[in-house]
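Below, each chain spelled out in residue letters.
2 protein chains.
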Amino acid sequence: MSEPSKNTSPANDVSAGTLKDRFIYGGIGLLAIFLVLWAGIALIIPSLVYILWVATNELSEIFSRRNINLNKPFLLTSGIITLLLSIPDLHSLHPAIPWREIGLGLVVLIAFAIALSDQLDVGDVAFNLMAFLYVPWMLGYFILLRYSPDGHLGIITLSLPLLATFSTDVGAYFVGKSFGRHKLAPSISPNKTIEGSIGGLLTAFLSLMIYTWFIQGVFPFGRWELMVFSLLISVAAQLGDLTESMIKRYCGVKDSGTFLPGHGGILDRLDSLIFSIPLTYYLLVIFT
Amino acid sequence: MSEPSKNTSPANDVSAGTLKDRFIYGGIGLLAIFLVLWAGIALIIPSLVYILWVATNELSEIFSRRNINLNKPFLLTSGIITLLLSIPDLHSLHPAIPWREIGLGLVVLIAFAIALSDQLDVGDVAFNLMAFLYVPWMLGYFILLRYSPDGHLGIITLSLPLLATFSTDVGAYFVGKSFGRHKLAPSISPNKTIEGSIGGLLTAFLSLMIYTWFIQGVFPFGRWELMVFSLLISVAAQLGDLTESMIKRYCGVKDSGTFLPGHGGILDRLDSLIFSIPLTYYLLVIFT
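In order, the protein sequence lines correspond to chains A and B. Residues 853 to 1140 (this note's numbering) are what the first sequence spells out, left to right. Residues 853 to 1140 (this note's numbering) are what the second sequence spells out, left to right.
Since the hints were derived computationally from the structure, they do not count as laboratory data. Hints are supplied without guarantee of correctness; some may be wrong.
When chains are identical, the list treats them as one kind, so a pair holds in a single copy or across two.
When the alpha-carbon atoms are kept at most 20 Å apart in a straight line, the in silico DMTMM-like pairs for lysine to aspartate or glutamate are as follows [unchecked claim]:
#1 1106 to 873
#2 1029 to 970
#3 1106 to 973
#4 1035 to 970
#5 1029 to 973
#6 1029 to 1047
#7 872 to 1002
#8 872 to 1107
#9 1035 to 913
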């Protein structure tokens, strides 16, 4: 989601209309996200199912440019089941049952069974399993983190990677624009710089330090842990951003879709969170 | 692992030498398996690491025939970590931490990070993730099942899919040889028949009914559950067998390797268990 790659692309310029669009739709998007997250599971599940649907269509369209067939019915069905298996009540009622793991095991078996019925070949299975791990498997962590450690504190836990990811993007954009000299990954995302990347790390670090200063006591981590975590989450966010660029580059596509005017596709918006939210969840369950 | 495909292949004949080899090495193999399973974790982990090593080499060799590069250091490292994360003590000491799931999440992030450093392309990531899910992820369930519900009863739990898988193979072979008329999957495994497949199902069903009659009370399932489970495990075993054939066929290979004389490669021996053992584990944790 870091910005240089989008704002400085073909014409190497930002048109005023696009920037205005970005603010308006970005603002609406943010409001909608806060509403959904605050309301809890009753709005989160349908929203994630909708996101899954749009993201699966985008990913399928992207891979089709390289003649790779994603099986949308398979991905949507297994994806919705994975989202349902991520519902926290299931885990608190039956803590000994690894629901999501069972779901994944069955997804692997079923993917190969579909291939045996001649509808996919082994290569298609590989790409469909990767797409499954990349989108629905990761989206499930949005639910799990929202309810870790519980439904009240979860909204604060979830705010951690949201803020870290957002400030990584903003910091990378402005630092990269002002001081960027050395290319980070020229073949994948030509406008990103090492300076921007470090700027993103530091901005995420500072934002989290300030944010958690206001809510200390509420937050389940100590100061030192939080410092390390903020850097790790920022790295994951940047890795997520680059990964999505790499997938698009592999398939010869620029934007993942046209979900929000001025913001590219939904995958362009989610790319950093797809890695930073699961990592936050892992850190949370291991260190608390 | 069902036999017609191997014994009646090119020459459509079984040489006496091969059959003798099969019995001798099969016998030694069975003894070794019982010893390892009885001894527990101290022998199971190194055995599985060795199996992982051989299987990764075989799979890598198979895919290389189609110019697909599996990254062996990545698969072995992530595989060994997955096996260690499947150690039951870890799960009983920290029941709230989904160790294997965290391992998988990091494997996905690291696979993409390796790709970003230009050592893999996105297609390689897809095949490496599939290989990861197919071998080490599934091998981990051998450990988990051996210790479900505990270290004593686990050896009986584990005997269930071993017996079901073995009797599926034997039943499918003899029934297929005697009554086989209708091809099951001619393009993947031309010697398998629908009659053989049904014979495998019924043999697995009967063996488990007889076996569990002797050990009833010890076993954690009721009679009715067990009947359904024996059929499901037999289906998973046959699906595993066909899947391995499909992968070899996709890459234009006949045997996965030369691990045991007369038995093909280690993947040819493991193929059915790779699906039947995880399924048994899932049934066990859900229904007990």
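Going through the hints against the structure:
1. 1106 to 873: Cα proximity of residue 1106 and residue 873: one copy only (19 Å, versus 58 Å across).
2. 1029 to 970: So residue 1029 and residue 970 fail the 20 Å test inside a copy (51 Å) and across (25 Å) alike.
3. 1106 to 973: Answer is between: at 17 Å across copies they meet the 20 Å cutoff, but 28 Å inside does not.
4. 1035 to 970: Result: close only across copies, 15 Å inter versus 45 Å intra.
5. 1029 to 973: This pair counts as neither: shortest intra-copy Cα distance 45 Å, inter-copy 29 Å.
6. 1029 to 1047: within (9 Å within a copy, 69 Å between copies)
7. 872 to 1002: neither (38 Å within a copy, 62 Å between copies)
8. 872 to 1107: within (19 Å within a copy, 62 Å between copies)
9. 1035 to 913: neither (29 Å within a copy, 37 Å between copies)
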